[in-house]
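Chemist: As you go down the protein sequences, you meet chains A and B in turn.
Under this note's numbering, the residues of the first sequence are numbered 10 to 461, in order.
Under this note's numbering, the residues of the second sequence are numbered 19 to 131, in order.
Please keep in mind that the hints were generated in silico from the structure rather than gathered at the bench.
Every value quoted in this text rests on a predicted model; they were computed, and no experiment measured them.
C-beta: ideal position from N, C-alpha, C; glycine also.
Among the hints, erroneous ones may be present.
Stated by the list, open to error - Listed below are the simulated DSBU-like cross-link pairs for lysine-lysine, each with C-alpha atoms no more than 35 Å apart in a straight line:
id, chain 1, residue 1, chain 2, residue 2
1, A, LYS244, B, LYS108
2, A, LYS308, B, LYS108
3, A, LYS308, B, LYS30
4, A, LYS242, B, LYS58
5, A, LYS244, B, LYS30
6, A, LYS307, B, LYS75
7, B, LYS58, A, LYS236
8, A, LYS440, B, LYS58
9, B, LYS75, A, LYS242
10, B, LYS108, A, LYS85
11, A, LYS85, B, LYS75
Claimed, not checked - Reference listing, derived: stretches of chain A covered by chain B, where coverage requires no fewer than 3 residues with Cβ under 8 Å from a Cβ of chain B:
id, segment
12, 231-245
13, 308-318
14, 345-356
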Amino acid sequence: MCKSKIIVLFGLWMILATVLLGETIESSAVTEETVNAIKDEIQTNINIIWTCIAAFLVFFMQAGFAMVETGFTRAKNACNILMKNLMDFSIGSLAFFLIGFGLMFGSSNGLFGTNMFILSGTEPGSDWSWTFLIFQTVFAATAATIVSGAMAERTRFIAYLIYSAVITLVIYPVFGSWAWGNLLISDNLSWLANLGFHDFAGSTVVHSIGGWLALAGAITLGPRRGKYDSQGKPKAIVGHNIPLAALGVFILWFGWFGFNPGSTTFGDGRAGYIAVTTNLAAASGALIALITSWIVIKKPDISMTLNGALAGLVAITAPCDGVSPLSAIIIGGVAGVLVVLSVLLLDYKFKIDDPVGAISVHGVNGLWGTISYGLFAIDGGLFNGGGFRQLGVQVLGAATAFVWAFGLGLILFWILKKTVGLRVTCEEELKGLDIGEHGNEAYNSFQLFITE
Amino acid sequence: MKLIIAYIQPHKLNDVKQALYKAEVYKISVTNSLGCGQQKGYHESYRGVPIEVNLLKKVRLEIAVNENFVECTVEAIIKGARTGKIGDGKILILDLSECIRIRTGERGNAAIG
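Working from the sequences, and respecting the hints, build out all of it.
Modeler: Have a look at this one:
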């Protein structure tokens, strides 16, 4: 009974299939144009899906930053640093949508974009600009969130909120328009890009901008109470949760597979290639930072090694699409050395207190990564016989970013210091910002039992 | 009645508990504590900056006993906690003037047992 039914159904399917096949063959006079149109549409949709997925991965990096910064600071300031991470993304998303995106990608007058604010002129729907907007929003918020770590444990919350609006409203997008302004409107005036400045996914545009602002913030604020003794010798202020910091670094590494490969905004094999260079640089950054810390400070320090992986990732961000895998390993390795030396130099020599190493990871290695393209680029790099032209442009772009972000950062934080106040009171700093600023505690009724 | 207070290495707590159990001492309070003695601390570093840690993690035991249990309790603690290295800890014995069981209101020796 059952068997015969199946045979009948199968027979019907055969007939149907034959008829349909015949029809397809009959109408096979489809022109090449139609095929190409279909190909293009499929490609466009793959691009959109890939760029969206990459954007969501980059969004998740916010969680990574939050965990790294919380882990590397003290328990009494955990709520505060989480709030800063939550709010710089929220404020940043709104500010970038309202003003920042237009300044960065609108038709430029030579200095900044002048239209496309709130994406006006773009119909709600499937336009590419929407995908591009969400992708660029998560990048802008990444630049903003870098600063919170360097200014941790002593900054007034209201001052930080104002800062995070200003960076995504003005500081980030205006520089972005110089380097990336032609990404949406291809003949846009974008002076660094037109000179041939190559910052594929944002070593300079995102990371150095964030890192140099962090430097300005940490200098203006001064070190945390108890960081230096009366002779100016640095003292350790131990982070309260290294497992959280490690989780954060893994999340950031994961998110970077959206950050760099996603910056193709194009669904093809290049994404895979960039994932390879990105991963190699991160791995060699971690390994070399481990070795450097072992030699310099005599122990394989975990927080330095975690910073090393991030340093490799930041460095490979600019050149990830245009260097060989071997070059990526070298670029990451150099970043691993630089990050350890830079952390020690800031701590011991310059006495700039950066609790999480944001300046060394993002500022210094953003700079290194940008310059490294001028050295290692397959096409036009100094070591590949390309001469000094590309290197010169890379140095110019990185230097411009420093002057712009560090200069504006000093002015911004100075204004905040003179108006709303940049630093919490001594008493509040000692008690912790969680209670002073927020009236909250991160670890209510939580005590580790040391025997277990 | 005596109050026996002992500071021991955290990792010896389980051995001490078992030794006490064998000596039929079933009542004990345990708290975390920090302290230093001859061990003088150890060296730690964080992000390349050295930290002098001179307060070590210890466990503090408190046991209230009647006179006839003092020696066997002390012996049990030593048996469980002793490694022969610096840092094994100390035992302090204090006179206990009163002991009251909250549930029943019993006092003195009856309350301890």
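Chemist: Of the numbered hints stated previously, which ones are contradicted by the structure, given in increasing order?
Modeler: none
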